[in-house]
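Undergrad: Here the protein sequences line up with chains A and B, keeping their order. Each residue of the first sequence is one higher than the last, beginning at 283 in the numbering used here. Each residue of the second sequence is one higher than the last, beginning at 162 in the numbering used here.
Mixed in with the good hints, there may be bad ones.
[Said to hold, decoys possible] Mimicking DSBU-like on lysine-lysine, the simulated pairs with C-alpha atoms at most 35 Å apart in a straight line are:
no., chain 1, residue 1, chain 2, residue 2
1, A, Lys378, B, Lys232
2, B, Lys164, A, Lys378
3, B, Lys179, B, Lys218
4, B, Lys179, A, Lys383
[Said to hold, decoys possible] What follows is a list of derived Cβ distance ranges for each label pair:
no., chain 1, residue 1, chain 2, residue 2, range
5, A, Glu335, B, Val173, 37 to 47 Å
6, B, Arg175, A, Pro391, 42 to 52 Å
7, A, Arg342, B, Pro200, 38 to 48 Å
[Claimed, not checked] Which chain B residues stay away from chain A? Per the calculated CB distances, all over 10 Å, these:
no., residue
8, Val165
9, Ser168
10, Val173
11, Arg175
12, Thr176
13, Glu183
14, His190
15, Ser210
16, Lys216
17, Gly224
18, Tyr225
19, Lys231
20, Glu233
21, Arg234
22, Ser275
23, Leu277
FYI, nobody ran anything at the bench for these hints, they're computed from the structure. Cβ atoms here follow ideal geometry from the backbone N, Cα and C, with glycine treated the same way.
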Amino acid sequence: SQQGEEDPQALSIQEGENATMNCSYKTSINNLQWYRQNSGRGLVHLILIRSNEREKHSGRLRVTLDTSKKSSSLLITASRAADTASYFCATDAWDKIIFGKGTRLHILP
Amino acid sequence: DVKVTQSSRYLVKRTGEKVFLECVQDMDHENMFWYRQDPGLGLRLIYFSYDVKMKEKGDIPEGYSVSREKKERFSLILESASTNQTSMYLCASSSPQQGSGNQPQHFGDGTRLSIL
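Bound-form chain B, shown alone (with noise of 0.2 Å):
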């Protein structure tokens, strides 16, 4: 069975913290993603990396960066934590895209980060 592990489920920092995220999958996938969840919002996509030491910006980029030194681990940092940081975040790792386009998305169950 698949499974992406978040180091931590629940998360509470201070504003300008810099805030580590880990994300480690167990099977062997290519594609690693981090979004963020808000009530109303939906998921939104941050980065995604297709490649180790390859990254990709999403829709929502900004006060974040990634770190993919490892395949299996996909890291999201919050370079300095602010107060509209605080949200859901989750991880997911996929294959690589098939014929059917991109393949199914698996997810981890995510970190609740506060930030004060």
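So here's chain A without its partners, still in its complex pose (with noise of 0.2 Å):
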């Protein structure tokens, strides 16, 4: 039962660029959250957005939501070689969260 998809499947960009994902999703949801996972590890929470939010910042992530477009994006501001990471979007369908299939990012020295 696939909600979020992710968008691109894979980005490469130089460090100190931006970084962005996005997400779209096709039923109504309570808030949105977005993960990331380093390689061999379990994912992290990063940030959640609320149905009724449409922007939230959190350090160098901002998170935009478009409830009317079921889409939201994640993007990463001066990127690190530290982001080098999977990213997944979580959709709250109301009775759990389901996840998407993620965007493998790479930061290029």
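Taking the hints as your guide, dock the two standalone chains into a single complex.
TA: This is the structure:
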């Protein structure tokens, strides 16, 4: 029962550039969450945005939510080598959270 | 800091064996979850539990069972391991739902299970 779908599947950028990842979903949601997963590790929660919010910031992260388009974006500014990871959106479909398949982000030195 | 601990990082078992994967959390969370993660398929929910001795099937429960005898511990059991159960298994925990909906999940580092 896939809900969120990230785009692109993979992204490579130079260190210092900004990285933008998108998430589209199909049904109404309660909230939307973004997670990061470093290679071989578990997922780490980054940020939660509620359905009545449009934008949220946390350090170098900026998340937007457009419920009319059923989409969200995650922007990482001034990327660093340590940002290399997979990023997942997770949609809160009321009874449970459903994870997308993720965007693999690679920061080039 | 929330800590979710999975008993093994790597595990190798043989087909037909009964396999136990253990998960312990130290944040007194009511909710616990088991996922498997496979390339190209993302995270798929196997089972979850909202309370002690309570369990609910997720999207792919076939071939698995779970046990939650204590609040902090959630075990995943492969009744008779098969090669198609070779995967990365992730355990997670969270607080109960609030006004803003389902709360963020805290994950362990996973168990990479190989069935030979």
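Undergrad: Please write out, lowest number first, the hints stated earlier that are contradicted by the structure.
TA: 7, 8
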